[in-house]
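S.K.: Spelled out from the first residue to the last, the chains are:
2 protein chains.
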Amino acid sequence: MQKVKEIVSSILKDHAIDTVYFVGCGGSLVGFFPAKYFLSCEATKLKVGYINANEFVHATPKEIGPNAVVILASQRGNTPETVKACQVAREKGAATVGLTFQVPSPLSEAAEYVILYEFGDGAVVENQKSSYGFKLAVELLNEIEGYAEYDKLLDGLKKMDGIVKKACKEIVPYAIKYAWEFKDDSVIYTMGSGASWGSAHQESICIFMEMQWINSSVIHSGEYFHGPFEITDKNTAFLMMKSTGRTRALDDRALTFMKKFNDRCMILDGMDYGMGELGDVSEYLDPCFHTNVVRVFNNLLADVRNHPLSVRRYMWKFDY
Amino acid sequence: MQKVKEIVSSILKDHAIDTVYFVGCGGSLVGFFPAKYFLSCEATKLKVGYINANEFVHATPKEIGPNAVVILASQRGNTPETVKACQVAREKGAATVGLTFQVPSPLSEAAEYVILYEFGDGAVVENQKSSYGFKLAVELLNEIEGYAEYDKLLDGLKKMDGIVKKACKEIVPYAIKYAWEFKDDSVIYTMGSGASWGSAHQESICIFMEMQWINSSVIHSGEYFHGPFEITDKNTAFLMMKSTGRTRALDDRALTFMKKFNDRCMILDGMDYGMGELGDVSEYLDPCFHTNVVRVFNNLLADVRNHPLSVRRYMWKFDY
Numbered sequence: 041m042q043k044v045k046e047i048v049s050s051i052l053k054d055h056a057i058d059t060v061y062f063v064g065c066g067g068s069l070v071g072f073f074p075a076k077y078f079l080s081c082e083a084t085k086l087k088v089g090y091i092n093a094n095e096f097v098h099a100t101p102k103e104i105g106p107n108a109v110v111i112l113a114s115q116r117g118n119t120p121e122t123v124k125a126c127q128v129a130r131e132k133g134a135a136t137v138g139l140t141f142q143v144p145s146p147l148s149e150a151a152e153y154v155i156l157y158e159f160g161d162g163a164v165v166e167n168q169k170s171s172y173g174f175k176l177a178v179e180l181l182n183e184i185e186g187y188a189e190y191d192k193l194l195d196g197l198k199k200m201d202g203i204v205k206k207a208c209k210e211i212v213p214y215a216i217k218y219a220w221e222f223k224d225d226s227v228i229y230t231m232g233s234g235a236s237w238g239s240a241h242q243e244s245i246c247i248f249m250e251m252q253w254i255n256s257s258v259i260h261s262g263e264y265f266h267g268p269f270e271i272t273d274k275n276t277a278f279l280m281m282k283s284t285g286r287t288r289a290l291d292d293r294a295l296t297f298m299k300k301f302n303d304r305c306m307i308l309d310g311m312d313y314g315m316g317e318l319g320d321v322s323e324y325l326d327p328c329f330h331t332n333v334v335r336v337f338n339n340l341l342a343d344v345r346n347h348p349l350s351v352r353r354y355m356w357k358f359d360y
Numbered sequence: 041m042q043k044v045k046e047i048v049s050s051i052l053k054d055h056a057i058d059t060v061y062f063v064g065c066g067g068s069l070v071g072f073f074p075a076k077y078f079l080s081c082e083a084t085k086l087k088v089g090y091i092n093a094n095e096f097v098h099a100t101p102k103e104i105g106p107n108a109v110v111i112l113a114s115q116r117g118n119t120p121e122t123v124k125a126c127q128v129a130r131e132k133g134a135a136t137v138g139l140t141f142q143v144p145s146p147l148s149e150a151a152e153y154v155i156l157y158e159f160g161d162g163a164v165v166e167n168q169k170s171s172y173g174f175k176l177a178v179e180l181l182n183e184i185e186g187y188a189e190y191d192k193l194l195d196g197l198k199k200m201d202g203i204v205k206k207a208c209k210e211i212v213p214y215a216i217k218y219a220w221e222f223k224d225d226s227v228i229y230t231m232g233s234g235a236s237w238g239s240a241h242q243e244s245i246c247i248f249m250e251m252q253w254i255n256s257s258v259i260h261s262g263e264y265f266h267g268p269f270e271i272t273d274k275n276t277a278f279l280m281m282k283s284t285g286r287t288r289a290l291d292d293r294a295l296t297f298m299k300k301f302n303d304r305c306m307i308l309d310g311m312d313y314g315m316g317e318l319g320d321v322s323e324y325l326d327p328c329f330h331t332n333v334v335r336v337f338n339n340l341l342a343d344v345r346n347h348p349l350s351v352r353r354y355m356w357k358f359d360y
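The listed protein sequences derive, respectively, from chains H and V. Mapped onto the numbering used here, the consecutive letters of the first sequence carry residue numbers 41 to 360. Mapped onto the numbering used here, the consecutive letters of the second sequence carry residue numbers 41 to 360.
If you are wondering where the hints come from, they were derived from the structure by calculation, not from laboratory data. As the structure is a computational prediction, the values presented were derived from the model and not from experiment. Glycine included, each C-beta is placed from N, C-alpha and C at the ideal position. Honestly, I wouldn't trust all of these hints.
[To be verified] Pairs of lysine to any residue, SDA-like flavour, derived with a Cα cap of 20 Å:
1) V:Lys124 - H:Arg288
2) H:Lys124 - V:Arg286
3) V:Lys300 - H:Lys124
[Claimed, not checked] Facing chain V, according to a computed beta carbon distance under 8 Å, are these residues of chain H, among others:
4) Ala83
5) Glu95
6) Asn182
7) Ile184
8) Gly186
9) Tyr190
10) Asp225
11) Cys246
12) Trp253
13) Ser256
14) Leu295
15) Phe297
16) His347
17) Ser350
18) Arg353
19) Lys357
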């Protein structure tokens, strides 16, 4: 957190920040969703944006200028669209923070401030990419507008590593059951609400589509009844990333409906694994829980499908 | 436009508006995407939100108060979540504008200002729901911050009815071809970028999922290469709602890739039907083009699949 505090403090010395933008591609965009959602809920003055890096480059929002901070992520720091977006933001006078797992890299060269995050099996949850995006959001809000739950939320984030590691052991039998259940499905829908819509989206595009070549779509639990639910039959596969917070009622409503017609919904619910201890800030930390704990299921699914998570049809094979 | 001008003028007499929220469910939320996208691109002071009505009710953003205008839509004016969201917004002191096809209705009773829009075969494009959301956004921006392209954009919107009606005739052979091509597909992806992401999302949830029970997902053209493209094989069905504006390069990049491995992408491109005449504001009007012209294809698809657009499994059958 010290690093985040120093960066925010330094930015606020040079810029009258009124706009926070999160920019990236794929998993490096959706990892920012919890931070974006947090600011959309809690900020009363700050404007917040969340945008694909290439769209940012080609249709740069007019509000990007010296009063904006643009936070970008790229795993290897070499995603061309994200590096270019960083350059565009700097040219317009915005403060830029680059999150990456590789330094030096084009992104670490392009960004004014750089955060090296942890990734993979040994990573501490609060030092992961998504957590750094989140901490930057919380720190910016607290410094610019004040945020009453600041200590509680950061304390909760610290506790996530313990909650996640314990849950990853306890969930194994349930994860095995659904790895077998879903192994032959050609379509799997993910669902969520609030901050957890982000983790549901991430699972859909990064795991099912990218790493398993399974057709997928994320459905917001509150949108389910307004179109998407018509695809539900007794065989449709769903994975619900359930919220522990205010939008839990939306998830429950969808689950109640499904139980009438469909018995194929895997549910990841932090309430079953100690997230309730975190109090009313838990909903903002649900995505930390979901994205880390679902990895147990992802690995098992890859095993039973004999389709390693590392296999790609196109990525890394040629320029496109 | 006179009605929109009067509403905005009246709101600005009573409220120091710094926040514009678009609220709805399903097609009545996504119909606001062009308005939301326009403000996200062009506003430098106004904050903009776009949110499912039930999420708005359960996790009301803190910025909703006397300085906010909340714009809501419901076709019959009776969507419970949207009516409730309107009540919540009013209790917090926000200005509220309800767009509906039915007056009187619970939404028309709940909202401070009401706009009755046109719908169906005889509707003039600029009087449709989505166009009213868009005109409210343009008027609010122009009155609060000023907008240099105001006349050009509204003039373009007026021309949309002629462009759409002509295109609906010209596109028939192409639409027939793809109705036959896609009739047996169990999954169809829609794609788009910029404002057109909204029309692609609408086609995915309201037509393919809701009205045809075909599995579907919307993919942002700029996100395609960062996960989703791995599901592409020679049989994958895509419908691209192509932008005529700044993000067209993102769509073209995805299309170039697809042509290498996949020959099953239907493309709706306003450039083929006169959208170029509208100049650099055309991209904001692309969704008007897409959502109206794609109806020719939707009707033909329903015919060849022997699956009327009006059939539902669940909707209108019981309370859920």
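S.K.: Hint by hint, say whether it matches the structure.
M.R.: Going through the hints against the structure:
Restraint check for V:Lys124 and H:Arg288: satisfied, since their Cα atoms lie roughly 17 Å apart, inside the 20 Å limit. With a C-alpha separation of about 16 Å, the suggested pairing of H:Lys124 with V:Arg286 holds against the 20 Å cut-off. Between V:Lys300 and H:Lys124, the direct Cα distance comes to roughly 26 Å. Violation of the 20 Å bound is thereby established for this hinted pair. Given hint, H:Ala83 at the interface with chain V, holds; its Cβ is 7 Å from that chain's nearest Cβ, closer than 8 Å.
With a least beta-carbon distance of about 5 Å to chain V, the hint placing H:Glu95 at the interface is held under the 8 Å criterion. Violation of the interface hint for H:Asn182 is found here, the shortest Cβ-Cβ separation to chain V being roughly 14 Å, above the 8 Å cut-off. Nearest Cβ of chain V to the Cβ of H:Ile184: about 14 Å, over the 8 Å cut. The hint is violated. The interface hint given for H:Gly186 is broken, as the beta carbon of that residue sits about 12 Å from the closest beta carbon of chain V, more than 8 Å.
Annotation: H:Tyr190 was flagged as interfacial toward chain V, and the flag is violated, the nearest CB pair being 15 Å apart, outside 8 Å. The interface hint given for H:Asp225 is broken, as the beta carbon of that residue sits about 11 Å from the closest beta carbon of chain V, more than 8 Å. Against a cut-off of 8 Å between C-beta atoms, the interface hint on H:Cys246 holds, since the closest Cβ of chain V lies about 5 Å away. Because the smallest distance between the Cβ of H:Trp253 and any Cβ of chain V comes to about 6 Å, under 8 Å, the interface hint for this residue holds.
Residue-level restraint check for H:Ser256 holds (minimum Cβ-Cβ distance to chain V is 7 Å; threshold 8 Å). The closest approach between the C-beta of H:Leu295 and any C-beta of chain V is roughly 12 Å, which is over the 8 Å cut-off, so the hint fails. Here the hint on H:Phe297 is kept, as its CB sits about 5 Å from the closest CB of chain V, short of 8 Å. For H:His347, the interface hint is violated, the least distance from its beta-carbon to any beta-carbon of chain V being 11 Å, above 8 Å.
About 12 Å separates the beta-carbon of H:Ser350 from the nearest beta-carbon of chain V, more than 8 Å, and the hint is not met. Given hint, H:Arg353 at the interface with chain V, holds; its Cβ is 5 Å from that chain's nearest Cβ, closer than 8 Å. At its closest, the beta carbon of H:Lys357 sits 11 Å from a beta carbon of chain V; the interface hint therefore is violated under the 8 Å criterion.
When each numbered hint is compared with the structure, violations occur for hints 3, 6, 7, 8, 9, 10, 14, 16, 17 and 19.
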